[in-house]
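S.K.: So the chains spell out like this:
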Amino acid sequence: MIEFKAISKKWPDGTAALSDVNVTIPKGQFCVILGPSGAGKSTLLRAVNGLMQPTNGEVVIDGVTLTSATARTLRQRVAMIHQHFNLTLRMSVAANVLAGLLPVVSTGRAILGWFTPEHRAKACALLERVGLTPKHVQRRAGELSGGQQQRVGVARAFMLDPEVVLADEPVASLDPKISREILSLIRDAARERNATVLCSLHQVDLAREFGDRIVGMRDGRIVFDGTPEEFTDERVEALYHGAQWEDHPATEVEAELDALQPQLVAA
Amino acid sequence: MDIKPIPVPAQGTTLDWHLDQPYRAKHLLLLIILLAVLLFTGHRTEMDKMVVMTGQAVGNVVGLADDSQVVRGLSRVGESMWPPALGTEEEVARLTDLDRNNLPFLASIKTHERVEQKLNTDTLQLEEQREQVEVLVKPLGYLWMVFIKMLETIEIAIWGTLFSVVLSIPLAWYAARNYTYNKFTYTLARGTISLLRSMPELIVALFLVLAYGFGPIAGVLALGLHAAGFLGKFYAEDIENADKKPQEALEAIGAGKLKTLWYGVMPQVVPQYIAYTLYILDRNVRMATVIGLVGAGGIGQELKGRFDMFQYDHVATILIAIFIVVFLLDQFSARLRAKLI
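So the protein lines, in turn, are chains A and B. So the first sequence is numbered by my numbering: it starts at 32 and just counts up by one. So the second sequence is numbered by my numbering: it starts at 17 and just counts up by one.
This is chain B alone, in the form it adopts within the complex (with noise of 0.2 Å):
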């Protein structure tokens, strides 16, 4: 037994019995100073100007106050917002291949009268030229889009996480100190995977883009990476802390540290490490709409080029796509833990 037994004193000697209060002055003069870093970091962050402009905006709505920068800032891009963009419109001229009498889903042709300003050579006089233009619109086209564009966001995040499982797998093994094979070994997986933790999915995928190009490959890699750090660092605790005693039986009768691993350790974890990877599932569909600014596909590579110009009814039609995606997910991965468990 590696437990250390107190020893019992000898009969007649007097014991010395105190039982202190938790806390002395040092705790109070400990709370002022951190009250004090609070304060001077909250300066430092801008809390004390969050707090008047927030005031501002609040008093500006309940008609106290005349102006306020965020109640401005924020009514133009909700004008801009609404209505979220549904359809699309696309000039026949430019669609080479459309069949006029055989025309898509839900699709119509439109004429629409198109003003330009044009400068007479002649005359050097800016004239008015009416044009007709006729234009394919589709009304649910964007929203076909979005999902096209969503389902390539989710598939980025599934393979990522699968590439994060298998990866994190040897990491974890490596870095549960009861399991790794010596210091090296040990310190190596532990290296790697605070290495992988510590770069940004953002920053990876940006230079994953320089590599593989624009695209999905980039985002499934960075994701994947990234994960694989977190997964391999909480396996590999969930490993060192499990439940001694059924891996001791099995060591005891020559088991093997696989097998043991396989049939001590894993029935334990295993619901924890559903969990895990369900929260990196939800963390990768999240991260990989972010990724997309940056080039490695999906949502974000679309959520991008419409910010960029300006097209904030269709940013609209995204950020609520992203919406109902995370919440379904979280509604799913809850089930789905509560089966398992």
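Same shape as in the complex, but just chain A (with noise of 0.2 Å):
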């Protein structure tokens, strides 16, 4: 279970990226995060492993509060899949894999990359589970598709067996047949270890097919909080008409263009 118990951002410079923001999420939950960029969906996961520390407020996890004196611990149960994959790209996909388990293995271990059969074993298994094959394990990272990567970071988000999964924007740059089968997998893995999701996406549809439960933001609020059969489309029309906030064009138009999809059939 994850509460933000009245969490606000502001930046030095004055821009308040989250005012007041309550949520709880009940464990087992996948729970998606819409809204036009720049509206915080970002900034409100990463408060999450304290990668973002709120200006004020605070974030419960299982009744865990997080401070600086517990991020350690908590941090080694919060996993985090990327917009970007975020992979060392020039290492092979098996220590890809394997980084996920750096937490908790021993830094002679790490450095020397001398791990356990056990840990080999489970790499393995992820990297199968996640739809990848014996030949992709000794490949670079840099040398897979964007598929193939986010397929890997998958896997090395689930090494640890997460209580909680963080999914920021993961499928914003693959096309629309692979981000369902991606979804498929975080949304899979993340229930069979009873793993609670938090997952911003830009894709309406996708957000109303995976979701359990879908929160809309704007501004920093949040704006929508309910379940995909209550997010009809006058819904996101409002959410996304007239958003003022305009980040990374070259990235990110496409994926809102996505976004407005099924607003534009509709209409």
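Think of the hints as simulated: they come from the structure by calculation, not from any bench. In this text, all values refer to a predicted model and were calculated from it rather than measured experimentally. All residues carry an ideal CB built from backbone N, CA and C; glycine is no exception. It is possible that part of the hints are untrue.
As the list claims (entries may be wrong) - Which bits of chain B does chain A cover? Going by a derived footprint, with three or more residues having C-beta under 8 Å, they are:
| # | stretch |
| --- | --- |
| 1 | 99-113 |
| 2 | 276-288 |
As the list claims (entries may be wrong) - Below, simulated EDC-like cross-link-like pairs (lysine to aspartate or glutamate); rule was C-alpha separation at most 20 Å, straight line:
| # | chain 1 | residue 1 | chain 2 | residue 2 |
| --- | --- | --- | --- | --- |
| 3 | B | Lys-261 | A | Glu-174 |
| 4 | A | Lys-208 | A | Asp-236 |
| 5 | A | Lys-58 | A | Asp-219 |
| 6 | B | Lys-126 | B | Glu-107 |
| 7 | B | Lys-355 | A | Glu-174 |
| 8 | A | Lys-36 | A | Glu-89 |
Unchecked claim - Incomplete in silico selection of chain A near chain B, CB under 7 Å:
| # | residue |
| --- | --- |
| 9 | Asn-80 |
| 10 | His-115 |
| 11 | Arg-121 |
| 12 | Met-122 |
| 13 | Ser-123 |
Need the complex rebuilt from these two chains, each delivered in its own frame; the hints are there to steer you.
M.R.: Structure, rendered in structure tokens:
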């Protein structure tokens, strides 16, 4: 269970990224966060593992408040899947997946790359689970396609059997078919472990398909919170209409257009 | 996200678009000042004289000018350098453990007649004295000696490089802004790097020869210390400039700094590290020949000795040897780089 208690974040230049966000996400839920670019989706996700320090408020995970003292142990229970996969491209697929174990592996073993047979077996099992083949194991991560890289990212995220999975626009740069596959992988792997998933997305159709719950954000505030059935086309229009902020347009305009697709079809 | 978005202005606002030329009058002024400075310093460094002398030399070569100081100097050196020395001659009388029936490989004993002018103390007249001297001639003896010295030089360079790599790794860790512990360790590491880099090998070797005596120890330490500053700076800057995304992924699960560096940064920077290290090895081989001049071992020490005794034919052999080694090393490091990157 993740509780956001009155989270606010102000950047040093005075921009309010989050203003008084209160949400509770029960254990095992697949919660999708939707909203225009710059709404504060990533910022909210980052509050869970302490990559972002909120100006006010606190995050409580299974009853433990995230502070600098508890961050180290909490982070091991919170996995993260990234928009740009964030793999070490010049390292093998195997090493990238095994890197997901780094918090629990001794420094000596980590530096020598001398992982235990159980750990290596687990890495192989997860790679198979995400749909890769033994041929991929020793390939450099940078040689794989985007979809395959995100599969490696998913495998890495589940190496520590996390209780919470944060997925920050995990399919923003992937085609619709692969996007579905990746989201299915995340959802199914999380269900097997009864892990809570917090996933930010730009695609409304995917959000409706995969989310147990949809949280809509706009200008750092929660403007919608409900089931996919309640998230009607009018709500979509209200969420995205007249969005005021636009950041890195080159990478996100496409995703944004994707997100608007259902509306255009409806209209 | 730490990228600050640019607010989209309200509809209907008149926007002021302008795209200026990249140059203005002040750029022309700067160009004129730059030219003036170049002319001034050119005169101070005798660049004008250099042009005149070189012109004379070219004229002399094609037969237009009668005399050229440059050509005279160069031809004098050239004559005494050619042919390069290959063999050695040693007086048999001075060799205590020579076995005449079992001479070294390719060696032979020859007899020279030595003519000496001696003052006869009775007549107070100079008299010619003829003396038969036996010498042991090794036709490739000097080449072998240069080979051994060159090997020593390469060994000094390799050990100097090893020393600098080992020393620069902790320096790079503390000097990388995103991995150092605090401002103090950062400043200390950057200061050490600047200090090491600011001391030329030749000067360091000079002092280390005083401390450790003549020989390779001073050479290895001098090369290692200077290169550690160089490598520390470049390793640290590579760590700082490495792609942040994999580091963020590992930081997010609480992997710790050292493991993040090893898995998130090292694989990215290894090709660059190898390139820098090979460059340092290449540079150390060249520098190892130079620091021998102050007695820090290797071929440089031999070069200095021969130069001081005006044995330019021996100097020529050494210079050719250095050229061959640097050339081969270049080929080797290019191949190694291509293979590893």
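S.K.: Hint by hint, which ones does the structure fall short of?
M.R.: 1, 13
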